[in-house]
Structures are given as C-alpha cells and as structure tokens.
Amino acid sequence: FSISGSDFVEMFVGVGASRVRDLFENAKKNAPCIVFIDEIDAVGRQRGAGLGGGHDEREQTLNQLLVEMDGFDVHEGIIVIAATNRPDILDPALLRPGRFDRQVTVNYPDVKGREEILKVHAKGKPIDKSVDLKVIARRTPGFTGADLENVMNEGALLAGRKNKKTISLDELEEAIDRVIAGTEKRSRVISDAEKKLVAYHEAGHALTGYLLPHTDPVHKVSIIPRGRAGGYTLMLPEEDRYYLKKSELLDRISALMGGRVAEQLVLNEISTGAQNDLERATYLARQMITEYGMSDELGPITFGKKHEQQVFLGRDLARDRDYSDEIAFAIDREIRRIIDGCYNKAREIIVNNRDKLDLIANALLERETLDAEDIAAIMEGRELEAEAADGEAGPQKEESSLEENSGSDELQNKTDSTTAARETDKKFNVRITFNGQDPE
100 FSISGSDFVE MFVGVGASRV RDLFENAKKN APCIVFIDEI DAVGRQRGAG LGGGHDEREQ
160 TLNQLLVEMD GFDVHEGIIV IAATNRPDIL DPALLRPGRF DRQVTVNYPD VKGREEILKV
220 HAKGKPIDKS VDLKVIARRT PGFTGADLEN VMNEGALLAG RKNKKTISLD ELEEAIDRVI
280 AGTEKRSRVI SDAEKKLVAY HEAGHALTGY LLPHTDPVHK VSIIPRGRAG GYTLMLPEED
340 RYYLKKSELL DRISALMGGR VAEQLVLNEI STGAQNDLER ATYLARQMIT EYGMSDELGP
400 ITFGKKHEQQ VFLGRDLARD RDYSDEIAFA IDREIRRIID GCYNKAREII VNNRDKLDLI
460 ANALLERETL DAEDIAAIME GRELEAEAAD GEAGPQKEES SLEENSGSDE LQNKTDSTTA
520 ARETDKKFNV RITFNGQDPE
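Numbering-wise (this note's numbering), the sequence shown opens with residue 100 and increments by one.
Among the clues, some could well be false.
With beta-carbon atoms standing in for the labels, derived distance ranges [said to hold, decoys possible]:
hint, residue 1, residue 2, range
1, Ser-103, Glu-248, 21 to 27 Å
2, Ser-290, Arg-185, 33 to 39 Å
3, Arg-287, Ser-117, 52 to 58 Å
4, Phe-135, Val-114, 51 to 57 Å
5, Pro-399, Pro-131, 20 to 26 Å
6, Lys-222, Glu-378, 37 to 43 Å
Calculated lysine-lysine pairs in the DSS-like style (CA-CA distance at most 30 Å, straight line) [unchecked claim]:
hint, residue 1, residue 2
7, Lys-294, Lys-284
8, Lys-295, Lys-263
9, Lys-295, Lys-128
10, Lys-295, Lys-211
11, Lys-224, Lys-261
12, Lys-228, Lys-218
13, Lys-218, Lys-233
14, Lys-295, Lys-284
15, Lys-263, Lys-284
16, Lys-261, Lys-284
17, Lys-224, Lys-294
18, Lys-284, Lys-344
19, Lys-222, Lys-211
20, Lys-263, Lys-224
21, Lys-295, Lys-264
22, Lys-127, Lys-233
23, Lys-218, Lys-264
24, Lys-294, Lys-233
25, Lys-222, Lys-345
26, Lys-127, Lys-211
27, Lys-294, Lys-263
Quick caveat, the hints were computed from the structure, so don't treat them as lab data.
For each residue, glycine too, the CB sits at the ideal point set by N, CA and C.
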C-alpha cells in the first residue's frame, strides 16, 4: 500500500484521521504487507509549530497515525516505511523506538554509485566506444540520479543536433556544463569593456586557484555567458571529499577574493561582479567561527542556532541566539580578520604573478574558454595548443566550487555546497554561484 502525506489532508475535519484508520484496516486484512507513506512531513511535522492557534487537522491526523503504528492494538505483519526530505522537522514522537526508529539516509551517490547510475541511463543510447563512464562519474560530484539522467539525455540531444550517430565525450562534456550552469548564450551582445572586466575577474579566480596550495585544481575557465552567468571558473577536486581542513577553507576564501582583487589591480575599479564571491566568502568565514570552532580568539565553541531552526518549523522563538552582544562583536571582528587576511593573500599572489594574470585574461579574450591543460600551459610558460574544431574537452577532476560573473542570484545545486560539513549528515555538493549584475 502506498499513499502521499498530502493525501491525508482534506478540507473537512476528521477526514485525515479517518483515512489513516482505513489505510491500516486494509493493511491488516492483507497482512503481511508494506505501507509506504511518501512525504511524511506533510502530516508528521512537529506539533505546536508556528505562531497560530486553533484546531490543527494535521495534528489530528498525526495523532491517529501514532496510535495505529504503536498503540494498544498490535499490527503484526505490517511494515511501515516513510520518506521525507526534512527529517529535522518531524515530530519526536514519530521517531521514537517502536515507530520510525530506523532511519536510512539516501545521500548523493559517490563516484562508484554515479558510475552505476550512468550505466543504467546509458542503456539504449548509442554511446561512443571511446567514452569511459568512470571518467564521467569522476566529473560529476554532487550530482543526483536525476542530474545524471539529464546529462545523458542532453548528450543524446546534442549528438542528434550535430547529426552524429554516437554520443561522444564532447557532447557529454557540454551536457555536464548545461546541467551545472545552463545553456550558452553566444548571441548576447557584450561590450569590449565588460568582456575585459569578466576576463580579468575570472583570470583572478583561476590564478589564485592554481597557485594556492590547498584549493581544488582548476578545471575550466570561461567568459561565455551561460544561463544568467557571464562567466565562470570551475574547480574540481581529484576525489570525493567529506571534510575540509582550516587551511583549505582559508585558501577557498582567498580564491573567492581573486576576482575582486584582479578587478581592482588591473582596472583600478571594482564592480558588482564579486557580489556572490563576497557573500560566499563571508558565509564560509562565519561558519568557521560560529559552527566549526576555528577561531583562536573565541575557541572551539559553536554559537547560535542553524538557519533552519525557525519557529514556523516547530522551533522555540526565544532560542534563536545564545550569545551576548560582546560575543557578537567578537564574531564580526574575527570574520573581518579572516576576510582581510585572505584578501591580502590573494592580492600578494596576483601582484607577484601579474604577467600570468595578463596571459590568462588575454587567452580568455581570444579563446573564451580555457581548460585545465591550457591553464597549466600558461602557468608553465608553454605555448597553447591549437583550438579543437569542435568544442573543448579537457582532463577533469571532481566536486566543485564555481565562481561566475553575472546575476546576483545564487544557484546551488547541488547544492553547495562544499563548505566542510554544513551539517553532520550532508556531503559536499557541486556548487555554482553567479556574481555581478543580472544580465537579463
């Protein structure tokens, strides 16, 4: 038997509880059986949530569900399974032993899981023999099963548009970029001055990302508009990551500062392009201080409640902040110290390697997209290889942080999130961010 949590809710009082009773009556008649409730948070949300009063039909439904699962009657042979994306807001009584006492976390697939999922979605598609799905799996950290299905479908569409008989690595490369950042918008008219701004901004990210010792390798840099983005720098780790060290977080903030530093040094002007870089850098620094206990001044202490713990999700309104004004001032001071230190570190790197910055920016203005091999060639003083006739495809790595120069909105897919265990049960995802003014 299966039912959605929202199916219990009706406009008439008592219908939800009645449907719960009917569901378990039918289950008892057909025992042994399994009862599956999808989106259990629709009726299983913590009681007393919000600021409103009056009778809550949802609570009546939840009470009946609790009774049916572990009340006076014993339902032998009935296994109850439920699914939700928000286990943090479920009522504690629903999770106690005897009810939903076993929790199975379905997280983002690892590299081996992604490979198996890709094999499933590759069936029935004319994949070129040169394509190694292990390589594609390593290039898609943080992707869900639906994302991987989308990659294969996009690759098939791209191959069809090019009248190809098989799906090659080039099409899958482009499909991954489309899933991450959207489709290219080569028809968008961009002035030479703005194009130069974007090129130096992304060159600043690429240069600092390449030279900092604790950042993920730079995989691709582009100034081609994609979706709402005017350009992006993609950094991918070489393996799945679950924890980040303090040095890695600091270097990540320094890489985020690279775009703003390059603008200021080269153009003697700053733009809105670094808006999201600054937002992410500040968020990372605040996490280091308030969640990870990485402050020498404040010590290994966490401060405040997580953003999800709000009164409308069943949390206590009076427990939002658990530190004094003096501590709040110290937190702000520590965040400013971290940001300033990382900014100065990025500035030192770019000042000492100004010639490399110019080379990367000029190459971007000429080619529009540089892959990992191109960046390495520039940094090592080698000549760039001639451009391929049909797209770019370079060596790839994993996971990501992606800084883009464009819309002020942030697209997290996958989530962003690679900030060192935002919550104990979350892995790092592919992150995409857009910086600057909305080009739409």
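How the hints compare with the structure:
no., hint, in the structure
1, Ser-103 - Glu-248: 21 to 27 Å, "holds (23 Å)"
2, Ser-290 - Arg-185: 33 to 39 Å, "violated (45 Å)"
3, Arg-287 - Ser-117: 52 to 58 Å, "holds (57 Å)"
4, Phe-135 - Val-114: 51 to 57 Å, "violated (20 Å)"
5, Pro-399 - Pro-131: 20 to 26 Å, "violated (50 Å)"
6, Lys-222 - Glu-378: 37 to 43 Å, "holds (42 Å)"
7, Lys-294 - Lys-284, "holds (14 Å)"
8, Lys-295 - Lys-263, "violated (36 Å)"
9, Lys-295 - Lys-128, "violated (72 Å)"
10, Lys-295 - Lys-211, "violated (41 Å)"
11, Lys-224 - Lys-261, "holds (16 Å)"
12, Lys-228 - Lys-218, "holds (13 Å)"
13, Lys-218 - Lys-233, "holds (10 Å)"
14, Lys-295 - Lys-284, "holds (17 Å)"
15, Lys-263 - Lys-284, "holds (23 Å)"
16, Lys-261 - Lys-284, "holds (18 Å)"
17, Lys-224 - Lys-294, "violated (39 Å)"
18, Lys-284 - Lys-344, "violated (37 Å)"
19, Lys-222 - Lys-211, "holds (17 Å)"
20, Lys-263 - Lys-224, "holds (12 Å)"
21, Lys-295 - Lys-264, "violated (39 Å)"
22, Lys-127 - Lys-233, "violated (47 Å)"
23, Lys-218 - Lys-264, "holds (19 Å)"
24, Lys-294 - Lys-233, "violated (36 Å)"
25, Lys-222 - Lys-345, "violated (43 Å)"
26, Lys-127 - Lys-211, "violated (40 Å)"
27, Lys-294 - Lys-263, "violated (33 Å)"
Hints 2, 4, 5, 8, 9, 10, 17, 18, 21, 22, 24, 25, 26 and 27 from the earlier list are contradicted by this structure; the remaining hints agree with it.
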